Amino acid sequence: MISRRALELATAVLTGSFGAAVVVSSLDNGIGWSSAGVDAGTFPFLTGVIIVLGSLYNLVRGLLPATTLASVPIAITPIELRRLAGLFVPAAIFVAAIPPAGMYLASALYVFAVLAIPRHQTVPRALAMAAATALALYVVFERMFQVSLPHGALAAAFGF
Amino acid sequence: MDNLAELLHGFTIAVTVPHLVLMAVGVLLGILVGVLPGLGAPNGVSLLLPLTFGMQPVSAIILLSSMYWGALFGGSVTSILFNIPGEPSSVATTFDGYPMARDGRPTTALATAFGSAAFGALIGVILITFLASWVAQVALAFGPPEYFAVYFLAFASFVGMGGAAPIKTVVALAIGFAIAAIGIDTVSGSVRLTMGIDELVKGVNFVVAVMGLFGIGELLVAVEEEIHARAVSSKIDWGEVFRAVGRLPQHSVALLRSAAIGCWMGITPGGPTAASFMSYGIARRFSRRGRYFGTGEVEGIISPETADHAAGTSALLPMLSLGIPGSATAAVMMGGLMIWGLNPGPMLFVDQKDFVWGLIASMYVGNIVAVALVLLTVPVFAALMRIPFVIIAPLIVIICVVGAYSVSNSYLDVVMMLGFGIVGYLFKKLFYPLAPLVLAIVIGDKAEDAFRQSMLMSKGSLGIFFANKLVTCLIVAGIALLLLPLALQLARPWRKPASRTKETTAKEKVII
Chain A
224 MISRRALELA TAVLTGSFGA AVVVSSLDNG IGWSSAGVDA GTFPFLTGVI
274 IVLGSLYNLV RGLLPATTLA SVPIAITPIE LRRLAGLFVP AAIFVAAIPP
324 AGMYLASALY VFAVLAIPRH QTVPRALAMA AATALALYVV FERMFQVSLP
374 HGALAAAFGF
Chain B
14 MDNLAELLHG FTIAVTVPHL VLMAVGVLLG ILVGVLPGLG APNGVSLLLP
64 LTFGMQPVSA IILLSSMYWG ALFGGSVTSI LFNIPGEPSS VATTFDGYPM
114 ARDGRPTTAL ATAFGSAAFG ALIGVILITF LASWVAQVAL AFGPPEYFAV
164 YFLAFASFVG MGGAAPIKTV VALAIGFAIA AIGIDTVSGS VRLTMGIDEL
214 VKGVNFVVAV MGLFGIGELL VAVEEEIHAR AVSSKIDWGE VFRAVGRLPQ
264 HSVALLRSAA IGCWMGITPG GPTAASFMSY GIARRFSRRG RYFGTGEVEG
314 IISPETADHA AGTSALLPML SLGIPGSATA AVMMGGLMIW GLNPGPMLFV
364 DQKDFVWGLI ASMYVGNIVA VALVLLTVPV FAALMRIPFV IIAPLIVIIC
414 VVGAYSVSNS YLDVVMMLGF GIVGYLFKKL FYPLAPLVLA IVIGDKAEDA
464 FRQSMLMSKG SLGIFFANKL VTCLIVAGIA LLLLPLALQL ARPWRKPASR
514 TKETTAKEKV II
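Chains A and B, in that order, give the protein sequences.
Be aware that the first sequence starts at 224, since it is given in this note's numbering, and climbs by one per residue.
Be aware that the second sequence starts at 14, since it is given in this note's numbering, and climbs by one per residue.
Hints listed in this document are in silico derivations from the structure and should not be mistaken for laboratory results.
Some hints here could point you the wrong way.
[As the list claims (entries may be wrong)] In silico DMTMM-like pairs for lysine to aspartate or glutamate, Cα to Cα no more than 25 Å straight-line:
#, chain 1, residue 1, chain 2, residue 2
1, B, K215, A, D251
2, B, K215, A, E303
3, B, K248, B, D116
4, B, K441, A, E303
[To be verified] Chain B is faced by these chain A residues, among others (derived, beta-carbon under 7 Å):
#, residue
5, T234
6, P267
7, Y280
[Claimed, not checked] Reference listing, derived: stretches of chain A covered by chain B, where coverage requires no fewer than 3 residues with Cβ under 8 Å from a Cβ of chain B:
#, region
8, 254 to 261
9, 300 to 307
All values derive from a computational prediction rather than experimental measurement.
The beta-carbon is built from N, C-alpha and C at its ideal position, and this holds for glycine as well.
With these hints in hand, go ahead and build the complete structure from the sequences.
In C-alpha cells:
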C-alpha cells in the first residue's frame with residue numbers, strides 16, 4: 224500500500240533532483256551575460272532553479288497535514304499495485320529484450336507471455352496472436368513504410 | 014471579404030478526392046485512438062507523424078487534423094456507452110451521457126453529443142476563419158520581445174486558468190523547458206544538459222515524451238482500476254438521431270454559452286479538458302434543471318461536448334497565427350509543421366496561403382465527415398471495446414515502443430519513453446498537468462530564442478519588455494494571470510462563509 228503522501232513526496236523528490244541536475248549541468252555552459260549575449264546556460268539554469276523551488280514547495284505541502292490530502296489518504300492499494308506491476312514489469316522486460324532479440328521476436332514473446340502465462344488465453348490462441356503481432360509489425364513498417372526496426376543481436380548472429 | 018475568397022479557394026484544395034479519402038482515413042483512425050483507452054489524440058497524431066514526411070504539408074495536416082476530430086468524437090462514444098472516457102476531455106460527458114444511455118436512450122445521448130459537438134466545432138472554425146488572419150496580421154509586426162511576451166502570456170494562462178495546482182503547473186512547465194534545452198543550443202552551438210550521455214546531443218524529441226506521458230502513463234492509470242466494459246445497447250435508431258438533433262435548438266442558450274467558453278479556453282491555452290469541465294459546472298449552476306444534472310440531462314451532455322469541440326478546434330487558431338498551440342494535440346501538430354519545414358506563425362498567412370486556407374476549409378468538411386462516420390461506425394467501435402483490456406494493453410505498449418523508436422531509430426528513445434511513462438503516471442495520479450509539459454517541450458526553444466534575441470537588442474536590460482504599450486500589456490496580463498491563484502487564495506478567508514452555504518445547497522441538490 225502506498226499513501227498519497229508518500230507518492231507526493233517521492234514525485235517532489237524526483238522532480239527536485241531533476242531540477243538540481245539541470246542547475247548543476249547548466250553551470251558548465253556559463254550563466255549570465257557575455258559578449259555573445261545571454262550565455263547558453265542561463266535559461267536552463269533559471270528553469271532548473273524554478274523546478275527546485277517548486278519541488279521544495281510541493282515537498283513541504285506533502286509533509287504538512289493538508290486537508291486536501293487527507294481526503295484521499297491511500298493512493299495505490301496493494302491490488303492496484305499488483306495490476307500496475309503486471310503491466311509495467313513485462314513491458315520493461317520487453318524493452319530490455321529488444322537489443323538482443325530484436326523488435327519482432329521481442330514483441331512476439333511479449334504478447335505470448337502476457338496472454339499465456341496468466342492464462343488469459345489458451346496457448347495456441349496466444350501463439351497465434353503473438354505471430355500475428357510480429358507479422359503485422361513487419362508488413363506495416365518494413366514493407367509499407369520502409370522503416371527498419373531493430374533486428375537484434377540474435378538475428379545478426381544468424382546473418383540477417 | 015478577403016477571408017471568404019481565400020476560404021473558397023481553400024475549399025477547392027480541401028474538397029478533392031484524395032483529400033476526402035485522407036479525411037475519412039484520419040477520422041476513422043482518430044475514432045479508433047479515441048475509443049481505445051491509453052491511446053489518445055496526442056499519441057495518435059504523433060504516431061502518424063513519421064508517415065506524413067513524404068506528403069504535401071497540406072495533405073499531411075488534413076490527415077492529422079481529421080484524426081484529431083475523430084479522436085474527439087471517439088472519446089465521447091465510450092463515455093456515453095461504457096462510462097469510460099476514452100479521452101480526458103470527455104470525462105465530463107460521462108456525468109449525464111452514461112445515465113441517459115443506461116436509461117435506454119443511447120441513440121438520443123449519442124446524437125445529442127455529436128450534434129452539439131459539431132456545433133461547437135463549427136463555431137470554433139468560424140472563429141478561426143474570421144479571426145486567424147487578423148491576428149496573424151497584427152502578429153506580423155511582432156519583434157522578439159513581443160513574441161516572448163506572447164509565450165509568457167500563454168504559459169501564465171496555464172498557471173492561472175489551467176485548473177491544476179499552480180505550483181505543480183509551474184514545475185511541469187519548467188521541466189518541459191529543461192527538456193527542450195537538452196542537446197545542441199541553436200544560438201551558441203554548445204551542448205547542453207546531456208548529463209554525460211553522448212546520444213542526448215540530438216535532444217529529446219517531443220514524440221518520445223508524448224508516447225510515454227500519454228501512452229504508457231494513461232495505460233498505467235487505466236490498468237489500475239479494472240475496466241468493466243458493460244455496454245448498453247449500441248444500436249442506432251436513425252429516426253431518433255434526427256429528432257434529437259432537431260431538439261438541439263431548444264437549448265440554444267446552453268449551446269452558445271458552451272461554445273463561447275470552449276473558444277475562450279481553446280485560444281488561451283486552457284485546453285479542451287478544462288473547457289468541458291468548466292462548461293459543465295457553469296451549466297449546472299445556471300440551468301433551470303440544474304438539480305437533475307447527473308441523471309441524464311440533455312444540457313449536461315450538450316455543455317461539455319460543445320465546449321470540448323469548440324476548444325479543440327479553436328486551439329488551432331493561436332497555433333496557426335502565433336505559433337503557440339492551445340492544446341497538447343495542437344502542440345504535436347505544430348511539431349509536425351516544423352518538421353515539414355513550415356514556420357508556424359503569422360508568416361504562414363503570407364507564404365503558405367494554400368496550406369492555411371486548405372486546412373481551415375478542411376475543418377468545415379472534416380467535421381461533417383467525422384459526424385457521419387462516427388454515427389455509422391458506432392456499433393463497430395462499440396464491439397471493439399468488448400475486447401478484453403489484457404489483450405489491448407500489450408498491443409498499445411508495442412505501438413508506443415515502435416512509435417518512439419521510429420522517430421530517429423534510437424533505442425535510447427525507447428528507454429526514455431518508458432521513463433516518461435512512469436512520470437506520466439505519477440503526474441496524472443497527483444494532478445500535475447501534462448499539456449503544459451508537452452507545450453513547453455515543443456516551443457521551449459522558440460521562447461528561449463525570443464528571450465535571448467530581446468536581450469541582445471536591449472544589451473541585457475529587462476526594460477525592453479516594457480518598452481512599448483503592446484509588450485507592456487502582454488507582460489502585465491501574464492503577471493496578473495500568474496498571480497491570480499495567489500490572489501484567489503488570499504481572498505478565500507473573506508469568501509469562506511458564503512461559499513460554504515453554497516456548497517451545502519449544492520450537496521442538498523444532489524441528494525434531492
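**Item:** Contradicted hints - numbers only
**Value:** 2
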